[in-house]
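> Sequence:
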Amino acid sequence: MDTGGNSLPSAPDGVKRKVCYFYDPEVGNYYYGQGHPMKPHRIRMTHALLAHYGLLQHMQVHKPFPARDRDLCRFHADDYVAFLRSITPETQQDHLRQLKRFNVGEDCPVFDGLYSFCQTYAGGSVGGAVKLNHDQCDIAVNWAGGLHHAKKCEASGFCYVNDIVLAILELLKQHERVLYVDIDIHHGDGVEEAFYTTDRVMTVSFHKFGDYFPGTGDVRDIGYGKGKYYSLNVPLDDGIDDESYHFLFKPLIGKVMEVFRPGAVVLQCGADSLSGDRLGCFNLSIRGHAECVRYMRSFNVPLLLLGGGGYTIRNVARCWCYETGVALGIEVDDKMPQHEYYEYFGPDYTLHVAPSNMENKNSHQLLEEIRSKLLENLSKLQHAPSVQFQERPPDSDLGERPERPGAATTTPKRCRSMSRLGAERIGAGATRARRGSGFFQVSPPSLGLFLSQSLPLVTHLHPLGLLTLSLSRFLPLRSLAQASHSGDDSSSGSPITMTVQKAENKNEDHDDGDEAWDPDSDMDIDAERELVPSKVKKEIAEPQLNDLEDQRRSGEHLRGSDTAIAETCMKALEISSQLADEDNVKIEQSTVNDLAKEADLKC
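Here full-length UniProt numbering is used: the first residue of the sequence shown is 1, the next is one more, and so on.
Heads up, some of the hints might be wrong.
[Unchecked claim] In silico BS3-like links for lysine-lysine, alpha-carbon gap of 30 Å or less: (1) K63 with K173; (2) K255 with K373; (3) K173 with K250; (4) K63 with K100; (5) K335 with K39; (6) K173 with K226; (7) K228 with K255; (8) K255 with K173; (9) K173 with K361; (10) K250 with K373; (11) K250 with K380; (12) K255 with K226; (13) K380 with K226; (14) K255 with K380; (15) K250 with K228; (16) K228 with K380; (17) K228 with K335; (18) K63 with K335; (19) K373 with K226; (20) K373 with K361; (21) K250 with K361; (22) K226 with K250; (23) K100 with K173; (24) K361 with K255; (25) K173 with K228.
[To be verified] Just the calculated beta-carbon pair ranges, DEER-fashion: (26) N29 with T91: 35 to 43 Å; (27) R97 with D211: 24 to 32 Å; (28) R371 with Y349: 47 to 55 Å; (29) E243 with V219: 14 to 22 Å; (30) L375 with G225: 18 to 26 Å; (31) M358 with T88: 39 to 47 Å; (32) D395 with M358: 27 to 35 Å; (33) N29 with R314: 16 to 24 Å; (34) N360 with R314: 23 to 31 Å; (35) E343 with R371: 42 to 50 Å; (36) P37 with T350: 23 to 31 Å; (37) M358 with R97: 39 to 47 Å; (38) Q57 with F299: 23 to 31 Å.
No lab work stands behind these hints, which were simulated from the structure alone. For glycine and all other residues, C-beta sits at the position ideal for the given N, C-alpha and C.
Starting from the given sequences, assemble the full structure and let the hints guide the process.
This is the structure we're talking about:
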């Protein structure tokens, strides 16, 4: 197989394109259910066309590694991922509350192999990003991906896992800025929400706006905080054709590339914007749709091509086959070769279909207003944002390391922190609720925060904490013994050691079968993690002192009396010596009494 990418240059620099193509033969077996418009079978039809047109021999073909729990949790909530992994058609009636909570039901049904399906298409997108990061290809293609509606904590619009967000996060490990362009007929709300407050990712969406799912994507939605003007929404009306579409697409994307200067581009090629789509209302031809791919390719920037919507599946396969040829720089013949799905494409059996004569409701005046407004917003971005230099995080290997035999499937770890990317707060921002928001933890937890959640004793460095540690040096031996026996009899070592061990066991993540240590695994401490209960004060600060005066003095220290610390310590020493003397007197008196009794017995 030719891995050199036998493609044609489409830009003045004359650079040829190496293309990586991700495909899993099993992806076409998944079935949303009878009557559901989303049909993964379209991916298999696309692959058959690629094979019979001879395009596969010009690409590196990869079977994606399934994304693991930890990979999905870089964006999605761990409880949501755990739900997707565990739910089945047989058990869904027992989880009605969770089905409603995670928006799984009619649009996003539970079907056999749901979680494996999510792992497959997400693995292809992240795998493509890894290839681009390592310069192993110029263009990566995953037609099974592009499910842009999924949110952090819920499914939406036939989408369960947002592979686009996961791929962008992977690209951000290598590239300072990433551009996301969406030509699906539906607004890319899930991706926009995830990166709404960052200037490292710019999202551009061309979509039908109005009384249409998901109802978002107004031209006035421009981002928030540092992300202001980094969200670009192009609302369109029914019937837009190729000419009108590119009247907006090319000048806007050209300006975006000029001012944002991305290091990589992700293009979601949803085919429901084609003419004649089962759920769509645009009038784009396959050539017009593919012209977006051709234009993005011309910038010679690492490019990730993803699928998306598309519900007239014969046209979806046509479109993505032709766009694969565009990525390679190969003009595909309109006459379709014989293959196993040949009858799907009758009666013409051609790659291209003519657009319909539907009315274009996008007037030239409306398009001019939209273009002027968006170009004005882009002019406010004077310079591309800079990013502080930092060490590159490790790649997502997507299961390339072998799993340890017998490793049990466990609850996924918490969402990965973005602190290693040096990004500001990414997502919907602090003002949005946790459910459905796309924000990530950003700054690394301080040592004090870590200790406060693992060892509460250490953070209480007021006189109470100091007293509990200092008194242990001066308390009588038998009092310390009583304090130590007040804890768990099965524990060994000092009470402090026992508490540290309990805290470590409490925070220890479940083993997910990885051979190598993950630098992110045990440090993702956030405000939601429950505090580790401490028994230190119970075990040390409550010794039963025999002397009431010493108890009173201890009480003064427990109330934070700084001036009494030295006196208490000295008093503790005196008490200790007095008690020791009393013990000696008692021992001597006991010895005399024993000798007297022994003499009486002898007499």
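> Next, verify each hint and record whether it holds.
Verification of the hints:
1. K63 with K173: OK: K63 and K173 at ~23 Å, within 30 Å.
2. K255 with K373: With Cα atoms ~13 Å apart, K255 and K373 stay inside 30 Å; holds.
3. K173 with K250: holds, 28 Å
4. K63 with K100: Answer violated: K63 to K100 is near 34 Å, above 30 Å.
5. K335 with K39: Between K335 and K39 the Cα gap is close to 25 Å, so the pair holds against 30 Å.
6. K173 with K226: holds, 19 Å
7. K228 with K255: holds, 16 Å
8. K255 with K173: holds, 25 Å
9. K173 with K361: Distance ~42 Å between K173 and K361 Cα, so the pair is violated.
10. K250 with K373: holds, 15 Å
11. K250 with K380: holds, 19 Å
12. K255 with K226: With a Cα-Cα distance of about 20 Å, the restraint between K255 and K226 holds, given a limit of 30 Å.
13. K380 with K226: holds, 13 Å
14. K255 with K380: holds, 12 Å
15. K250 with K228: holds, 22 Å
16. K228 with K380: Judged against 30 Å, a Cα distance of about 10 Å means the pair holds.
17. K228 with K335: Since the Cα atoms of K228 and K335 sit roughly 47 Å apart, the hinted pair is violated (cutoff 30 Å).
18. K63 with K335: Given pair K63, K335 holds - Cα atoms ~29 Å apart, limit 30 Å.
19. K373 with K226: holds, 20 Å
20. K373 with K361: holds, 19 Å
21. K250 with K361: holds, 20 Å
22. K226 with K250: Measuring from Cα to Cα gives roughly 26 Å; hence the hint holds.
23. K100 with K173: This hinted pair is violated, its Cα atoms lying about 35 Å apart.
24. K361 with K255: holds, 26 Å
25. K173 with K228: holds, 22 Å
26. N29 with T91: 35 to 43 Å: Violated: the Cβ-Cβ distance is about 21 Å, outside 35 to 43 Å.
27. R97 with D211: 24 to 32 Å: Between R97 and D211, where Cβ atoms are some 31 Å apart, the hint holds.
28. R371 with Y349: 47 to 55 Å: The hinted range 47 to 55 Å is violated for R371 and Y349, with Cβ atoms some 39 Å apart.
29. E243 with V219: 14 to 22 Å: Holds, at about 21 Å.
30. L375 with G225: 18 to 26 Å: Distance hint for L375, G225 holds at roughly 22 Å.
31. M358 with T88: 39 to 47 Å: Between M358 and T88, where Cβ atoms are some 42 Å apart, the hint holds.
32. D395 with M358: 27 to 35 Å: violated, 46 Å
33. N29 with R314: 16 to 24 Å: About 19 Å separates the Cβ atoms of N29 and R314, which means 16 to 24 Å holds.
34. N360 with R314: 23 to 31 Å: Hint holds: Cβ distance 24 Å, inside 23 to 31 Å.
35. E343 with R371: 42 to 50 Å: holds, 43 Å
36. P37 with T350: 23 to 31 Å: Check passed, 24 Å falls within 23 to 31 Å.
37. M358 with R97: 39 to 47 Å: Roughly 44 Å apart at Cβ, these two residues keep to the hinted range, so it holds.
38. Q57 with F299: 23 to 31 Å: holds, 26 Å
In summary, the structure is inconsistent with hints 4, 9, 17, 23, 26, 28 and 32 from the numbered list given earlier, while agreeing with the others.
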